[in-house]
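Undergrad: Below, each chain spelled out in residue letters.
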Amino acid sequence: MDFLRPAGWEEALAAKAEHPDAVPIAGGTDLMVEINFGHRRPERLLDLTRIGELGEWGTDGDTVLLGASVPYTRIMERLRAELPGLALAAHTVASPQIRNRGGVGGNLGTASPAGDAHPALLAAGAEVEAESVRGSRLIPVDAFYTGVKRNALEPDELIKRVHIKKAAGPQQFSKVGTRNAMVIAVCAFGLALHPDTRTVRTGIGSAAPTPVRARAAEDFLAGVLEEDGLWESGAVLPPAAARRFAELAAGACNPIDDVRGSADYRRHAVTVMARRTLGWAWEDYRGTTRRSAEGGTPCA
Amino acid sequence: MGATRIPTALTQEGRTGTGTGGIGESTLRPDGTLKVTGEFAYSSDLWHEDMLWGHTLRSPHAHAEIRSLDVSAALAVPGVYAVLTHDDLPAGTHYGLERADQPVLAEDVVRFHGEPVAIVAADHPETARRAAERIRVDYAVLPVVTDEASATAPGAPLLHPGRGDGTPHPNIVHRQPVRRGDVAAARARADVVVRGEYEVGMQDQAFLGPESGLAVPAEDGGIDLYIATQWLHVDRRQLAPVLGLPEEKVRLTLSGVGGAFGAREDLSMQAHACLLALHTGRPVKIVYNRYESFFGHVHRHPAKLSYEHGATSDGKLTHVTARIVLDGGAYASSSPAVVGNAASLGAGPYEIGHVDIEALALYTNNPPCGAMRGFGAVQACFAYEAQMDKLARELGLDPVDFRQRNAMSQGSLMPTGQRVDSPAPVAELLRRVRDMPMPPAEQWVTAGERADVRALPGGLSNTTHGEGVVRGVGYAVGIKNVGFSEGFDDYSTARVRLEAVNGEPVAVVHTAMAEVGQGGVTVHAQIARTELGVTRVVIDPADTRVGSAGSTSASRQTYMTGGAVRNTCRAVAAEVLRRGRERFGDRHPAWSAAGDGAGGAPGGAGGTPDGAGGGGPRLEGGKIVTADGEVLAGLAEVLGDEAVDIELEFRHRPTQPFHPQTGQGFGHVQYSFCAHRAVVEVDTELGLVKVVELAAAQDVGRAINPLSVVGQIHGGSTQGLGLAVMEEIVVSPDGLVRNPSFTDYLIPTVLDTPAMPVDVLELADDHAPYGLRGVGEAPTLSSTPAVVAAIRAATGLPLRRVPVRPEHITGC
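In the order they appear, the protein sequences are chains H and S. Take this note's numbering: the final residue in the first sequence is number 300, and no numbers are missing along the way. Take this note's numbering: the final residue in the second sequence is number 1812, and no numbers are missing along the way.
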């Protein structure tokens, strides 16, 4: 097994162009498990740990530019205000040791439907910045997951960072596992309310061959909020609407039975998580509208 | 011997604050800090110059004929020194704890997923692994038997054809009925009869230090094996015939053990490493990774249990019938003894005059099952405690009150006819857990707006902020035997040397006891200090140069090897007193009371259950003193240059086999009891569980090291909690293990482990050293049914199977 150690980003792109079969490794929290169990024996590993910029994050206007290797611990601790959904998801990733090493780039590169970051990235409407010696492009995260553990990257491309709009409204993330910490998702649900664009976005993990959005649920809820004037009034959401949203979310699932849970349970759990996260997010939203009505800072 | 990081003797100073480091004090373990800081040398850290690495090729099928086996491509890999198959075995081909039915390497058939087929030695572990991949095995897959119906169906494949030991079917490893009284008549008197079917999944011991060891060929043609195991001498007994060596040429030394819980009772890589070492003439190390470890040891027997209980309307049990079917997997391991426990303890800690129990273990193509903490009593306890709650509900009685009305006590008869002849405070233990203060409700509510999700089901996964959460409370109590039963000649050996080093007396304790994390080395030092009145105690590494200490299992080591250390110390003390009298007897009249063999226990408490000597001189504070504390001589002065060095065996009182048809017999040495109260919160919509508190009360007879006692109760309770809500090896219908990793075999994390208040009783058992009672297993029994009872209370669901999965609670 060859171990390529580029000193900088350009060198890494050149190496990936020369060896498209090289498997990038950063935190190694997923890949090393595969290697240790003998599930994968890549001919070449492309070590990205010497490229400092991958571990950095910054902002561009209202967008967070999140380096592919920024560890989950940093996201939890430093980006809770800007990326609340992703911060909640980061908190559910494995153990503290793993969260200190793993980052969003690994989740995206592996593209497992069980990756904890995906529902939050889908709900937030993130874009993946992929680069090769041929140039750079932004891939909407909706189009990024192309199959079971497959993604839209070209063989010569590397993930540089992820562009995520700073939250303009409440975001939630919820994940079911059969243990109260350090557990792979049986299924997961992400929700983001976007009052600035009057849209709703969702993400579902581990309940279909790829991470998916529940578009019918999003459209339904956005419609209710619009028609009933709820964005402005911040009134209580009709329980029937929350239930319908949850049913439509479950309808977006296409789960399987496996050692972690049954397909029926996954659908059921997505229903419950969708209803609960909507309740929490909407209560948050109502809180901010009430505060602004009382003379606080205006709502975005 | 050039091995590095081999076990070294542990010197323990052992003073704790104002104490002397004797029994009853919470002296600290010498290995504790090393383990927490990562400095402890485990068997996987062994290293030897020129050593090779062994690797095992395992069966991918649960049942298959081996049509051909070609190792030539593996042998051709550069760096490979040996590839061995069944045909290369030099002597014995099978081994086993109770029956030698397990092949060292599969011959013409594999009987379970993961069975060893070939072994490779190479100069690098990766080379050995790659070479093993090149071994070509032509398998013809055979039909599997995986449960009672398929194993006993007409024409079922026989796992071990040609068996003739009288079980009802060749695929039944062992069967034990226990019959007493007249069940039919008792049933007629019952006002309420409840029946239930229960199921226990396959739990794994999940120790953290995987199987590993280092075999070093010796110049005399023998072998030195450094190994993490539970019982050095039974390993040697099984290894010698396989290696074709006399036992004295098979020398074992205990290496650092990272947990055991029964999983190291059977051989794993021992024979393989020794065979490769003898074949190549080079030291050979084998270390399993986590994946292989799941295939490398036996698991807890999955069980199906059918129970019927009756009671009168005033809440007295009339009878019990039970059928307990245990899945032993492909080889016998310790299945017969597990069956004996399940049958004899299957009625629980209750007085029931009319009993009809049948327990049996099957041979199937599932992974072999054997010893695990609780050993047959765990499965039964889950079922009979569920039955107790059912009966209480039918009778409209409080579940604790109902249990107390039927609780056994000292003098009660077991269903085996054995009288319980030491304290059995079952009702008292239940009272104590019931009367503990309840944990506060809704602990997730914080001063701020947000719920503290860590206190909720789902934890940091953020699945509820209180929605759907219902609290439930459940109780359970269990009975476990201590020590080896059914007439087994159970003994332990201890060698104790007392010598003067630089004018200070030092005791050296040498046993073959496997320290697997239970704290036995600490206890031995405490006993030596108490008995010999010394401060400094050296614990020699455990090895086969000294006699057997028996297994570190069955909650027996403090009783048995602790008892051996105590008795040997007393013999040493008697010899010291004899020498003192010989040399200084004319100096003081008190010497004349220092009789031979009277023992020199401090306090001179004659007539105690300890059997200590009378009011003569004793050893204390490094000196020999009179009963009044007057110093007669210093120990160093008496010893001079000549150490006292004695090796003795210790036996518990004999037991009897159970009658094969009735199960009657004085089968067990001692019983141990623990009760639990579990408080859980269940997210009833998602089926997720948070155990809020798991309170325990246990009678330990005498807490030799109170801190370690509480640690054992915490650990056992947690392992029982794991079985209740998450731990299961999932085996597919074709006998394949589906979750051999810690990714999918889940054990409790710190967020799953609740507050565990412990109430320790010390009611002496007059038959046991210091009155002590084995501690380690009893808490594993009642923890599981208490947690499940609490989930039933929260959900109203019957929940007949453990582990309880979210689907069982949500119904989908």
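Warning: the hint list may mix true and false statements.
[Unchecked claim] The calculated lysine to any residue pairs, modelled on SDA-like cross-linking and capped at a C-alpha distance of 20 angstroms, are:
#1 S:Lys1249 / S:Pro1217
#2 H:Lys160 / H:Glu11
#3 S:Lys1304 / S:Ser1732
#4 H:Lys149 / H:Ile256
#5 H:Lys149 / S:Asp1744
#6 S:Lys1035 / H:Gln97
Simulated from the structure, these hints should not be mistaken for lab results.
Undergrad: Starting from the hint list further up, note which numbers the structure goes against and sort them upward.
TA: Every hint satisfied by this model.
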